[in-house]
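**Student:** As given, the protein sequences belong to chains V and R, one line each in that order. In terms of full-length UniProt numbering, the first sequence is residues 1 to 444. In terms of full-length UniProt numbering, the second sequence is residues 1 to 346.
In short, the hints are calculated from the structure, not lab data. Since we're looking at a predicted model, the values are computed, not measured. One or more of the hints may lead you astray.
Among the chain R residues that face chain V by a calculated CB cut under 8 Å, a handful are [stated by the list, open to error]:
no., residue
1, E49
2, E77
3, G95
4, G100
5, M101
6, D118
7, N122
8, R128
9, D133
10, P169
11, P270
Simulated coverage check for chain R against chain V, where a stretch passes if three residues somewhere in it have a Cβ under 8 Å from a Cβ of chain V [said to hold, decoys possible]:
no., stretch
12, 78-89
13, 136-149
Listing some non-contacts, in silico: residues in chain R with all C-beta distances to chain V over 10 Å [stated by the list, open to error]:
no., residue
14, Q99
15, F109
16, H327
Glycine included, each C-beta is placed from N, C-alpha and C at the ideal position.
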Amino acid sequence: MLLRNPLRAQILQRVPRRQTRWSSLSQRPGSDRVHFPGAVSSKFTTKLSFEHPSTHPAMPTYRVMDSDGVVVDESRKPSGISNEEIVTWYRNMLTVSIMDLIMFDAQRQGRLSFYMVSAGEEGIAIGSASALVPEDVIFCQYRETGVFKQRGFALSDFMNQLFANCKDAGKGRNMPVHYGSGKLNIHTISSPLATQIPQAAGAAYALKIQALQNPDVPPRVVACYFGEGAASEGDFHAALNIAATRSCPVVFICRNNGYAISTSTLEQYRGDGIASRGIGYGIDTIRVDGNDIFAVREVTKEARRMALEDGGKPVLIEAMSYRVSHHSTSDDSFAYRAKVEVEDWKRRDNPITRLRKWMQHQGMWDEEKEKEARSQIRKDVLKAFAEAEKEKKAPLRDMFTDVYEDLTEESRGHMKELGRLLDDYPEEYDVNEFEGGRKGLSEP
Amino acid sequence: MDYSSHPLLNHSPSSLRANASYPQSSSFTRQNLFQAINSALKHSLRTDERTLVFGEDVAFGGVFRCSMDLATEFGSERVFNTPLSEQGIVGFAIGCAAQGMKPIAEIQFADYVYPAFDQLVNEAAKWRYREGDTGGHIGGLVVRMPCGSVGHGALYHSQSPEALFTHIPGLRVVLPRSPARAKGLLLASIACNDPVIFLEPKILYRAAVEQVPTEAYEIPLSQAEVVKEGKDMTIVSYGQPLYLCSSAIAAAEKDFGISVELLDLQTLYPWDKQTVLQSVQKTGRAIVVHESMINAGVGAEVAASIQEGAFLHLEAPVQRLGGWATHMGLAFESFNIPDVTSKLLR
Numbered sequence: 001m002l003l004r005n006p007l008r009a010q011i012l013q014r015v016p017r018r019q020t021r022w023s024s025l026s027q028r029p030g031s032d033r034v035h036f037p038g039a040v041s042s043k044f045t046t047k048l049s050f051e052h053p054s055t056h057p058a059m060p061t062y063r064v065m066d067s068d069g070v071v072v073d074e075s076r077k078p079s080g081i082s083n084e085e086i087v088t089w090y091r092n093m094l095t096v097s098i099m100d101l102i103m104f105d106a107q108r109q110g111r112l113s114f115y116m117v118s119a120g121e122e123g124i125a126i127g128s129a130s131a132l133v134p135e136d137v138i139f140c141q142y143r144e145t146g147v148f149k150q151r152g153f154a155l156s157d158f159m160n161q162l163f164a165n166c167k168d169a170g171k172g173r174n175m176p177v178h179y180g181s182g183k184l185n186i187h188t189i190s191s192p193l194a195t196q197i198p199q200a201a202g203a204a205y206a207l208k209i210q211a212l213q214n215p216d217v218p219p220r221v222v223a224c225y226f227g228e229g230a231a232s233e234g235d236f237h238a239a240l241n242i243a244a245t246r247s248c249p250v251v252f253i254c255r256n257n258g259y260a261i262s263t264s265t266l267e268q269y270r271g272d273g274i275a276s277r278g279i280g281y282g283i284d285t286i287r288v289d290g291n292d293i294f295a296v297r298e299v300t301k302e303a304r305r306m307a308l309e310d311g312g313k314p315v316l317i318e319a320m321s322y323r324v325s326h327h328s329t330s331d332d333s334f335a336y337r338a339k340v341e342v343e344d345w346k347r348r349d350n351p352i353t354r355l356r357k358w359m360q361h362q363g364m365w366d367e368e369k370e371k372e373a374r375s376q377i378r379k380d381v382l383k384a385f386a387e388a389e390k391e392k393k394a395p396l397r398d399m400f401t402d403v404y405e406d407l408t409e410e411s412r413g414h415m416k417e418l419g420r421l422l423d424d425y426p427e428e429y430d431v432n433e434f435e436g437g438r439k440g441l442s443e444p
Numbered sequence: 001m002d003y004s005s006h007p008l009l010n011h012s013p014s015s016l017r018a019n020a021s022y023p024q025s026s027s028f029t030r031q032n033l034f035q036a037i038n039s040a041l042k043h044s045l046r047t048d049e050r051t052l053v054f055g056e057d058v059a060f061g062g063v064f065r066c067s068m069d070l071a072t073e074f075g076s077e078r079v080f081n082t083p084l085s086e087q088g089i090v091g092f093a094i095g096c097a098a099q100g101m102k103p104i105a106e107i108q109f110a111d112y113v114y115p116a117f118d119q120l121v122n123e124a125a126k127w128r129y130r131e132g133d134t135g136g137h138i139g140g141l142v143v144r145m146p147c148g149s150v151g152h153g154a155l156y157h158s159q160s161p162e163a164l165f166t167h168i169p170g171l172r173v174v175l176p177r178s179p180a181r182a183k184g185l186l187l188a189s190i191a192c193n194d195p196v197i198f199l200e201p202k203i204l205y206r207a208a209v210e211q212v213p214t215e216a217y218e219i220p221l222s223q224a225e226v227v228k229e230g231k232d233m234t235i236v237s238y239g240q241p242l243y244l245c246s247s248a249i250a251a252a253e254k255d256f257g258i259s260v261e262l263l264d265l266q267t268l269y270p271w272d273k274q275t276v277l278q279s280v281q282k283t284g285r286a287i288v289v290h291e292s293m294i295n296a297g298v299g300a301e302v303a304a305s306i307q308e309g310a311f312l313h314l315e316a317p318v319q320r321l322g323g324w325a326t327h328m329g330l331a332f333e334s335f336n337i338p339d340v341t342s343k344l345l346r
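My request is simple: use the sequences and hints to build the entire structure.
**Tutor:** If you want it as structure tokens, here you go:
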């Protein structure tokens, strides 16, 4: 094809493909295809024919094992992973699942303000995180508790954040489940949907430049998580486009769980999921069975490798699962979907039971180990829960600090004025649950 | 407005030497605003490998020429075009800054910043606060954008949206009045560890020419400058209207025999309340002037603060002068922005 197209061959020789400058392009007389900037190798045709999305087959979904935990193609069976590591993933999935149940109930009892569970999606979070290295940088949405767990976020870290106490790195400013960790290279979660996606592209570009400027630094990627609902936001489209044009080493991981709060995917989009959009932006894309932790890990590992190829490029993974849980503690999903639908999913397929079945087939797990693991995890969670619940809140001054690097004159004035109110009307405010009480408002 | 001889611009090195803001040992070059901006960008790119400059049409020099020759000198990895998406540009810039780079993003016109509003208000401004003890911040982020009317920009090439950003704790909002001020304020913005919105009055890009120190220097943020001392009245302004104020003051001092003090806010948030209050406590009268609409504008905040902080010194109510609360209709521009007449007749 290139031989019949000397102009294109010349262009390819002159500059690397990703930096081709289309502005130097001109239409060649007698050519059988378009050389306009923006459609560089489109054949002319005299057939008037629109492309119909319905005639394109849906992108396939990669999997390693079926819902009974049986490897489908023996040649693709999991390899190079120790049993210990697999048990760690399993225990991490169990931990997320058990913590979810306890915290959901705790919220219902009024002991914390809010919670979001991950039920049905633990495999995506833990499987993908297991394929990254600690130096990789992560941006999450809010249903990636498993990513934090897999990277080493301790139960006490979760609980301190959930109870917004003084040991929370976020100083009790963020709603529950908005975790973050500098040590683990995971940026703190923010509630607005999809804002993290163009940020991930920029962060990946920074890593790419830093690797160019300092070849001693091992190459790193950014992993960015979001849901299929968030992919309707403009930020998603802006992000994929800029990540592609700037060749950013970023792995976009879309959790397609079928629902954005109450809106099902049938009302969210018309195309072939989120994966089809990756192709449109010129991004290498794969769809994977999100309930299959082996498949998720394998595609993430491969995506990470590809993202570092040729100086860097984005890769899109669409991981399919089903949101078994309510959206959050503020949501009752049986108002918009049948309970039987959820029960059916729970019974039919689930990333945790699938891996358990696989481990049982291997003879490395049994009922007794299961019972023991669940009971230990439950104990550990409750212990961390009790410790975090009794901690004080961060000092009152943290309401004003960190808006800027240094406190502004305006903030100092506002702190003084709030202090006056606390002194004049002590019965109107409860300062005792905050570290240092009234004194915690002063500058250290 | 005749900028070529306007006393607000430093037409000779001697006036620069009289101003302590500038490096006294430096040589000087005559530059207009876009050239001064370009010098600041060039200095940052040359001295700090973390600096990146990008935005729509930035690689060929930018539609206002601020990034001229930078891609050639510093390469397409550090100075580059982005796709046409303001939310993408600002989100991308935030991500770069979060990983320790110093991104200087250009929004082609301030009128087009609104798709990026979520990224600026919910993300950039709140980043350090929500990260808390993780230590994450996006200091180093500067978002530059041309603003203001030029006489034929109409609805979508004339806006000055600074007041939308001065409402947002976490952002610093800077708006320089001249080439030499712009260079020092932009370098200070780049050095600053908080995200900065840097608005550039585009009418001055070519029109305002003055002596600018060739050396690098920073003009501190959040400090107002007393441009001209006086004792009977204080005029507080920023950006292009300072030239109108200066001309109006010259006429008023001649006609009425009064003495007027002129302040340039320079940074609109967090702003230098102290300097403004000190001035008004001395003069007893104040007018706040800006080109943007009067309603909930910067002038409202400044006037209210004067009323709170200098009430007993006031001889007259604080006045506000700004654009009318309407849109910038093409044919009506000359009626819609403060001019010398509106100032003299008040």
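**Student:** State the violated hints by number, sorted upward, taking the hints as numbered earlier in the document.
**Tutor:** Going through the list in order, the structure violates hint 14 alone and respects the others.
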